[in-house]
Amino acid sequence: MEHPTARVREIVLETDRLLLRPWQVSEAAVQREMWTERDPRVPPHRRIDAEGHPTLEDVEDWIRSWSQSGSPRVLAAERKASGDVIGYCGLIPNTDGSDDEPELAFELLRRVWGQGYATEAARAVLGWAQASGYRRLWATVRDWNGASRGVLAKLGFVETGRVDPDEVHGDSLFLARDL
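Number 65 in the UniProt record's numbering belongs to position 65 of the sequence shown; there are no gaps in the numbering.
Don't take every hint at face value.
In the SDA-like style, the derived pairs of lysine to any residue whose C-alpha atoms are separated by at most 25 angstroms in a straight line are [unchecked claim]:
1) K80 - D99
2) K80 - A176
3) K154 - Q68
4) K80 - R32
5) K154 - L179
6) K154 - R64
7) K80 - W113
8) K80 - G52
9) K80 - E10
10) K154 - R177
11) K80 - V12
12) K80 - G161
13) K154 - A176
With beta-carbon atoms standing in for the labels, derived distance ranges [said to hold, decoys possible]:
14) S65 - V12: 16 to 22 angstroms
15) S26 - P165: 28 to 34 angstroms
16) D61 - G114: 30 to 36 angstroms
17) G114 - A29: 31 to 37 angstroms
18) R110 - V25: 20 to 26 angstroms
19) W62 - Q115: 31 to 37 angstroms
20) R79 - V25: 30 to 36 angstroms
21) G146 - R111: 15 to 21 angstroms
22) R21 - Q115: 29 to 35 angstroms
23) T15 - E57: 19 to 25 angstroms
24) R21 - G133: 18 to 24 angstroms
25) R79 - V158: 29 to 35 angstroms
26) D84 - I48: 31 to 37 angstroms
Bear in mind the hints are in silico, worked out from the structure with no lab data behind them. Every value quoted in this text rests on a predicted model; they were computed, and no experiment measured them. Don't be surprised by glycine CBs; every beta carbon is placed ideally from N, CA and C.
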């Protein structure tokens, strides 16, 4: 069987309301907006810093580099009805750097929270992952992030018992789902 990452550049997934597809450089502002909206409990390296980094140019460069990469990655979540990008969902190498059991990652703009888009997008990614031969996926979530924990529970992820304690930003919980 061909390794799942061999076809990552071709991934386009469709749901009733969403098109999940590779990012375009012209959409860097959407991704940067998500950085500005992040909860203050999110570690500083995942938020806009005092010097304004990452800049729009930084995000554009990341998108360019992703298009060259063959590893699992996140896809832009575009609403089919309006054509606007509202966030991302996809697979990233898990915390040990392995592509064999990647991590499910998703994030949406605040204005679309609570409308079921994260669950819808993640179900499509799970279906693709299973069809591509992945046997297990991981997810990490801060203990205080009840909304994301709820999405992961709906998708069948279960806590593994592994916790990375962090008194400042909240403990990171490790969840897994067999496919």
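Taking the hints in turn, this is what the structure says about them:
Our distance criterion of 25 angstroms between C-alpha atoms is broken by K80 and D99, whose separation comes to about 30 angstroms. Our distance criterion of 25 angstroms between C-alpha atoms is broken by K80 and A176, whose separation comes to about 30 angstroms. Between K154 and Q68, the direct Cα distance comes to roughly 33 angstroms. Violation of the 25 angstroms bound is thereby established for this hinted pair. For the proposed pair K80 and R32, the alpha carbon gap of about 21 angstroms is at most 25 angstroms, so the pair holds.
About 14 angstroms separates the Cα atoms of K154 and L179, which keeps this hinted pair within 25 angstroms; it holds. Between K154 and R64, the direct Cα distance comes to roughly 33 angstroms. Violation of the 25 angstroms bound is thereby established for this hinted pair. Using a Cα cut-off of 25 angstroms, the hinted pair K80 and W113 holds, with the two alpha carbons roughly 17 angstroms apart. Simply put, K80 and G52 have alpha-carbon atoms about 32 angstroms apart, too far for the 25 angstroms limit, and the pair is violated.
Restraint check for K80 and E10: the C-alpha separation of about 19 angstroms stays at or below 25 angstroms, so the hint holds. Using a Cα cut-off of 25 angstroms, the hinted pair K154 and R177 holds, with the two alpha carbons roughly 11 angstroms apart. Annotation: proposed proximity of K80 to V12 holds, straight-line Cα distance about 13 angstroms (limit 25 angstroms). As the CA atoms of K80 and G161 are separated by approximately 38 angstroms, the hinted pair breaks the 25 angstroms bound.
Among the hinted pairs, K154 with A176 is consistent with the structure: their alpha-carbon atoms are about 13 angstroms apart, no more than 25 angstroms. For the pair S65 and V12, the supplied restraint of 16 to 22 angstroms holds, since their beta-carbon distance comes to about 20 angstroms. Against the hinted window of 28 to 34 angstroms, the Cβ-Cβ separation of S26 and P165 comes to about 40 angstroms, which falls outside the hint. Under the hint 30 to 36 angstroms, the C-beta atoms of D61 and G114, about 32 angstroms apart, fit the expected range.
Between G114 and A29 the CB atoms are about 23 angstroms apart, so this pair departs from the stated range of 31 to 37 angstroms. Range check, R110 to V25: about 23 angstroms between beta-carbon atoms, so the 20 to 26 angstroms window is met. At roughly 27 angstroms, the beta carbons of W62 and Q115 sit outside the given window of 31 to 37 angstroms. For R79 and V25, the Cβ-Cβ distance of about 20 angstroms falls outside the hinted range of 30 to 36 angstroms, so the restraint is violated.
For the pair G146 and R111, the supplied restraint of 15 to 21 angstroms holds, since their beta-carbon distance comes to about 19 angstroms. Between R21 and Q115, the C-beta spacing of about 20 angstroms breaks the proposed range 29 to 35 angstroms. Checked against the hint of 19 to 25 angstroms, the C-beta distance between T15 and E57 comes to roughly 32 angstroms, which is inconsistent with it. Separation of R21 from G133 is about 21 angstroms and conforms to the stated range, judged on CB atoms against 18 to 24 angstroms.
The hinted range of 29 to 35 angstroms is satisfied by R79 and V158, whose Cβ atoms lie roughly 30 angstroms apart. The beta-carbon spacing between D84 and I48, approximately 22 angstroms, falls outside the hinted interval of 31 to 37 angstroms.
Of the numbered hints listed earlier, those contradicted by the structure are 1, 2, 3, 6, 8, 12, 15, 17, 19, 20, 22, 23, 26.
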